[in-house]
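Sequence order for the protein chains is A and B.
According to this note's numbering, the first sequence is numbered sequentially starting from 1.
According to this note's numbering, the second sequence is numbered sequentially starting from 1.
Source of the hints: derived by calculation from the structure; they are not laboratory data.
Don't take each hint at face value.
Just so you know, same-sequence chains aren't split out, so a pair can sit in one copy or run between any two.
[As the list claims (entries may be wrong)] List of simulated lysine-lysine pairs, BS3-like, C-alpha gap at most 27 Å:
#, residue 1, residue 2
1, Lys386, Lys189
2, Lys86, Lys313
3, Lys308, Lys86
4, Lys400, Lys131
5, Lys189, Lys253
6, Lys308, Lys386
7, Lys44, Lys82
8, Lys44, Lys189
9, Lys513, Lys452
10, Lys57, Lys202
11, Lys44, Lys283
12, Lys189, Lys365
13, Lys44, Lys313
14, Lys250, Lys44
15, Lys86, Lys411
The structure displayed is predicted, hence computed values, not measured ones.
There are 2 protein chains.
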Amino acid sequence: MPTMSGLKMIKHSRLLAGAAVRLDAVCSAPLPRNHLIQHRMASKAITLENINPNIVKLEYAVRGPLVIRAAEIEKELEKGAKKPFKRVIKANIGDAHAMGQKPITFIRQVLACVSLPELIDTYDFPSDVKKRAREILEGCGGQSVGSYTASHGIELIRRHVAEYIERRDGHPAKWDDIVLTGGASNGIKNVLQLLCNDLGGKPSGVLIPIPQYPLYSASLAEYGLTQVGYYLDEDNAWALDEAELERALKSAKDCNVRAIAVINPGNPTGQVLTRSNIETIIKFAHRHNLLLLADEVYQDNVYAEGSKFFSFKKVLRELGAPYTNELELASFMSISKGYMGECGLRGGWMELVNFDKAVQANLYKCISAMLCPTVLGQSALDLVAKPPSKGEPSYELWIKEKTAVLDSLNKRAKMIADTFNSMQGFKCNVVQGAMYAFPSIDMPPKAIEAAKAAGKAPDVYYAFKLLEETGICIVPGSGFGQRPGTFHFRTTILPQPALLQEMLDIFKNFHEKFTKEHA
Amino acid sequence: MPTMSGLKMIKHSRLLAGAAVRLDAVCSAPLPRNHLIQHRMASKAITLENINPNIVKLEYAVRGPLVIRAAEIEKELEKGAKKPFKRVIKANIGDAHAMGQKPITFIRQVLACVSLPELIDTYDFPSDVKKRAREILEGCGGQSVGSYTASHGIELIRRHVAEYIERRDGHPAKWDDIVLTGGASNGIKNVLQLLCNDLGGKPSGVLIPIPQYPLYSASLAEYGLTQVGYYLDEDNAWALDEAELERALKSAKDCNVRAIAVINPGNPTGQVLTRSNIETIIKFAHRHNLLLLADEVYQDNVYAEGSKFFSFKKVLRELGAPYTNELELASFMSISKGYMGECGLRGGWMELVNFDKAVQANLYKCISAMLCPTVLGQSALDLVAKPPSKGEPSYELWIKEKTAVLDSLNKRAKMIADTFNSMQGFKCNVVQGAMYAFPSIDMPPKAIEAAKAAGKAPDVYYAFKLLEETGICIVPGSGFGQRPGTFHFRTTILPQPALLQEMLDIFKNFHEKFTKEHA
Numbered sequence: 001m002p003t004m005s006g007l008k009m010i011k012h013s014r015l016l017a018g019a020a021v022r023l024d025a026v027c028s029a030p031l032p033r034n035h036l037i038q039h040r041m042a043s044k045a046i047t048l049e050n051i052n053p054n055i056v057k058l059e060y061a062v063r064g065p066l067v068i069r070a071a072e073i074e075k076e077l078e079k080g081a082k083k084p085f086k087r088v089i090k091a092n093i094g095d096a097h098a099m100g101q102k103p104i105t106f107i108r109q110v111l112a113c114v115s116l117p118e119l120i121d122t123y124d125f126p127s128d129v130k131k132r133a134r135e136i137l138e139g140c141g142g143q144s145v146g147s148y149t150a151s152h153g154i155e156l157i158r159r160h161v162a163e164y165i166e167r168r169d170g171h172p173a174k175w176d177d178i179v180l181t182g183g184a185s186n187g188i189k190n191v192l193q194l195l196c197n198d199l200g201g202k203p204s205g206v207l208i209p210i211p212q213y214p215l216y217s218a219s220l221a222e223y224g225l226t227q228v229g230y231y232l233d234e235d236n237a238w239a240l241d242e243a244e245l246e247r248a249l250k251s252a253k254d255c256n257v258r259a260i261a262v263i264n265p266g267n268p269t270g271q272v273l274t275r276s277n278i279e280t281i282i283k284f285a286h287r288h289n290l291l292l293l294a295d296e297v298y299q300d301n302v303y304a305e306g307s308k309f310f311s312f313k314k315v316l317r318e319l320g321a322p323y324t325n326e327l328e329l330a331s332f333m334s335i336s337k338g339y340m341g342e343c344g345l346r347g348g349w350m351e352l353v354n355f356d357k358a359v360q361a362n363l364y365k366c367i368s369a370m371l372c373p374t375v376l377g378q379s380a381l382d383l384v385a386k387p388p389s390k391g392e393p394s395y396e397l398w399i400k401e402k403t404a405v406l407d408s409l410n411k412r413a414k415m416i417a418d419t420f421n422s423m424q425g426f427k428c429n430v431v432q433g434a435m436y437a438f439p440s441i442d443m444p445p446k447a448i449e450a451a452k453a454a455g456k457a458p459d460v461y462y463a464f465k466l467l468e469e470t471g472i473c474i475v476p477g478s479g480f481g482q483r484p485g486t487f488h489f490r491t492t493i494l495p496q497p498a499l500l501q502e503m504l505d506i507f508k509n510f511h512e513k514f515t516k517e518h519a
Numbered sequence: 001m002p003t004m005s006g007l008k009m010i011k012h013s014r015l016l017a018g019a020a021v022r023l024d025a026v027c028s029a030p031l032p033r034n035h036l037i038q039h040r041m042a043s044k045a046i047t048l049e050n051i052n053p054n055i056v057k058l059e060y061a062v063r064g065p066l067v068i069r070a071a072e073i074e075k076e077l078e079k080g081a082k083k084p085f086k087r088v089i090k091a092n093i094g095d096a097h098a099m100g101q102k103p104i105t106f107i108r109q110v111l112a113c114v115s116l117p118e119l120i121d122t123y124d125f126p127s128d129v130k131k132r133a134r135e136i137l138e139g140c141g142g143q144s145v146g147s148y149t150a151s152h153g154i155e156l157i158r159r160h161v162a163e164y165i166e167r168r169d170g171h172p173a174k175w176d177d178i179v180l181t182g183g184a185s186n187g188i189k190n191v192l193q194l195l196c197n198d199l200g201g202k203p204s205g206v207l208i209p210i211p212q213y214p215l216y217s218a219s220l221a222e223y224g225l226t227q228v229g230y231y232l233d234e235d236n237a238w239a240l241d242e243a244e245l246e247r248a249l250k251s252a253k254d255c256n257v258r259a260i261a262v263i264n265p266g267n268p269t270g271q272v273l274t275r276s277n278i279e280t281i282i283k284f285a286h287r288h289n290l291l292l293l294a295d296e297v298y299q300d301n302v303y304a305e306g307s308k309f310f311s312f313k314k315v316l317r318e319l320g321a322p323y324t325n326e327l328e329l330a331s332f333m334s335i336s337k338g339y340m341g342e343c344g345l346r347g348g349w350m351e352l353v354n355f356d357k358a359v360q361a362n363l364y365k366c367i368s369a370m371l372c373p374t375v376l377g378q379s380a381l382d383l384v385a386k387p388p389s390k391g392e393p394s395y396e397l398w399i400k401e402k403t404a405v406l407d408s409l410n411k412r413a414k415m416i417a418d419t420f421n422s423m424q425g426f427k428c429n430v431v432q433g434a435m436y437a438f439p440s441i442d443m444p445p446k447a448i449e450a451a452k453a454a455g456k457a458p459d460v461y462y463a464f465k466l467l468e469e470t471g472i473c474i475v476p477g478s479g480f481g482q483r484p485g486t487f488h489f490r491t492t493i494l495p496q497p498a499l500l501q502e503m504l505d506i507f508k509n510f511h512e513k514f515t516k517e518h519a
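Just chain A, same shape as in the assembly (with noise of 0.2 Å):
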């Protein structure tokens, strides 16, 4: 930093060649904060305090201070430092891939002739990759995966989603109601950026499940819409309240709430929503005129007896007028989640219900300035819509995989949840889906004297000490939302068996340890 006589000397020599325009903004401009005088002298154009207060507030905890930690600790461990662990365990993130988990086979040798065409001719692929990568090439511009594709993704596959929803719900949907996205997020943020519109002077407000994941709360912070918080029911395995719903949109005083989140399966919270929930949600967005968004990207992931996905979709279809042709609903998929846990290849969707005609033309026009979605995301994504079928070449491989990662995670979900129930001070719920357990701890009184005294807030003093003394990363429940005085963490279900029991040892051990010295 240059000293502040220094600061003053290049403001000075830059106010002489004639800045006005800018510094008259900045000095006109409120300022929060006495210190920010040396800012304002400061000779950058673009500073925290002239930037976009929306991201300057923005948090995304899941790769927030804890994982830039992590991702330290890992490069002080390749220098060879000591420390009482040998490897940064990453339990933060949803990234099967990363945790070991094997990609399908079929997904990729479709993509390895999509992106080399050669190879369709050349390499012993079985019949149905070799049909499928030459589908995918027709419905490509020049038939390169290097081409544009339409905004909202090949119409080939886009039909393909459709024809996978309606085998899913045992209703149609139209293929031009279809948007292939970049991820799911890509698309959830699309659609909350169309109520960004200050109605009657108040900000446009978003009902969201709290815990939620911070998606959510990162993009509204960052369209500058209203974040309007109704908990989930802990005691009730987290399902949604409609008493609490209707607390929720009452509380809401300074904002128009206009739409409702929902997260099913559950993240962070892992519960599986029963199709009576569903209904109850149907029927209180539409009695309060709000847009519906349906997050169902863990749809795949569904392991607790007596659960079922019900998509928001198909029991809107069935609960008949007036819900079924007047409820707006989007819903949201992703190749990241379910047994393909495509994270890297960057491929979503999304399905318009009941949306005003003009209103789905101005998405689709906002989406065409951004081009379109990656076309090897894409390409992923049609094998997921439309997999191998029964007597296809790559079916019993492809069903055989996919029914390896689902019921390996099956295992997996049960094994965290006993083993935090087995300790003491741990409350989890059955992780019923999804890919996390979020349980609850009892935080001692000494710890939380201790996180105050250190700055931070108790689960996230809890998660740095548990992260610097075992290499364990997992994200604090504040980062998702919780009851005030209550406590959290998640972790995801994605170590593979051997090292994610190591890891709830470990954990075990941190957690007496830390009691101990906070007794």
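Starting from the known structure of chain A, fit chain B onto it as the hints suggest.
Okay, now just chain B, sitting in the frame of chain A:
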């Protein structure tokens, strides 16, 4: 559309069910037009009247109504409709592979290997292909391109980009100032979004060239930023003129101008800025304390004799104090253009120079909520940043393919400008670089009248006629901006030579006919 009374009934029934909150919001909003009364009664939660007004404003001509019509015509042709032409020639978008350009073999071989790593050991690829694929996989979690990477990209690839920039400029680049993106557009939007802040009650403004690539106008509209256009000097090969920059800046009374965007080589205008022109722009930006956005995605596409690409970074470094270490610069690159033309893979990077560290950290934080750019796009970008070196097995083929593409583009750039200049009423600057020609056309007064009668801008009228009568799809100049009373259009130089010659012949005939019809 339901009838009015039907609408009333729907709304009434929903009112009874308790839609008070949302209705209040809608009713208290200012109603811009009388006929909206009907819309207020509609049953949709999200309507054209209450969505984000910026999205309604946003326009992106490169994929606008003409292109939508072109797609319809293609479908009509497929179904056997009789037209005076057999195929649509899409000269509207810089989509090289769609127009028959072949992918670079080295890029696609490595992509196949990282997609399906078993190919590294089982297929006869050159050794450097295998080596590069292994290196990329080493940089991926679990050695899979299906893992998330850091939000700003794989470190190894960021380092390769920094080395590329060092080789290009002869000056150091810091790898941690490089951000990998899902195409240049993403990076540009991320940086523009930083500027959203109504300092002193005025929105931020951004200087952009006129004509411009409409990503800029679209993104400014989307973010509620004010577009401040500076005209490029058509009579001086579309150079930037200092007096015009000052005029534009002074003209911006209702906003705080905080940044200037420059596209070099130019899109849609095809100019390659001289070093001295770049120096002028840097000094101008510094004098007025503006952030400089340098869109340099066509840096490999320079054709005209005497033209040479200088990066803003290089010139900045060589200008010395106070510019070198003060001016904030973000420069953008893409794998969609150049000799590779890999639009569909979605890969790009930005380099941030002299950014305030806290601002950069906030930008990185904002990016993190979007997880990461596609790993296959990053992989392709790695091969562009670090292509095969002389002596490596893939070098000869790589240089042969690269040279063939650029030589052919060079010839087409000349062919297209020469042909347009041979046509009555056309005037076309030399296409020094990039992938487009942007000729001006004299519009007959009768054509202007006919356009008015059809409710279209004259250049839009012309482009629609051209499309309907010949199947050639171009983008009217009004989509990019042009001096009032002048008319232009943008065409790419991407159709392969034989098709381009055919297109130009058809164009010539059309123009003669159009001129006669409107004489």
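Hints and how they fare:
Taking identical chains as interchangeable, the C-alpha atoms of Lys386 and Lys189 lie at most 27 Å apart only when both belong to the same chain, with a minimum of 26 Å there against 34 Å between chains. Proximity of Lys86 and Lys313 under a CA criterion of 27 Å is satisfied in neither setting, with 47 Å inside one chain copy and 42 Å between copies. When the C-alpha separation of Lys308 and Lys86 is checked against a cutoff of 27 Å, the pair qualifies neither within a copy, at 40 Å, nor between copies, at 52 Å. Within a single copy, Lys400 and Lys131 get their C-alpha atoms as close as 21 Å, which meets the 27 Å cut-off; across copies the closest is 31 Å, which misses it.
Taking identical chains as interchangeable, the C-alpha atoms of Lys189 and Lys253 lie at most 27 Å apart only when both belong to the same chain, with a minimum of 24 Å there against 33 Å between chains. Taking the closest pair of Cα atoms, Lys308 and Lys386 come within 27 Å of each other only inside a single copy of the chain (21 Å); across copies the shortest separation is 49 Å, beyond that limit. For the homomeric pair Lys44 and Lys82, neither the shortest alpha-carbon distance inside one copy (40 Å) nor that between copies (61 Å) is at most 27 Å. In the homo-oligomer, the alpha carbons of Lys44 and Lys189 lie at most 27 Å apart only across protomers (20 Å), although the nearest pairing inside one protomer, at 30 Å, exceeds that limit.
Taking the closest pair of Cα atoms, Lys513 and Lys452 come within 27 Å of each other only inside a single copy of the chain (20 Å); across copies the shortest separation is 80 Å, beyond that limit. In this assembly of identical chains, the alpha carbons of Lys57 and Lys202 lie at most 27 Å apart whether taken from the same copy (19 Å) or from different copies (21 Å). Taking the shortest Cα distances, Lys44 and Lys283 sit within 27 Å of each other only across copies (15 Å), while inside one copy they are farther apart (52 Å). Proximity of Lys189 to Lys365 under the C-alpha cut-off of 27 Å is found in both arrangements, the shortest distances being 15 Å within a copy and 16 Å between copies.
In this assembly of identical chains, the alpha carbons of Lys44 and Lys313 lie at most 27 Å apart only when taken from different copies (17 Å versus 50 Å within one copy). Taking the shortest Cα distances, Lys250 and Lys44 sit within 27 Å of each other only across copies (21 Å), while inside one copy they are farther apart (44 Å). Taking CA atoms no more than 27 Å apart as the test, Lys86 paired with Lys411 passes inside one copy only; the shortest distance there is 26 Å, against 59 Å between copies.
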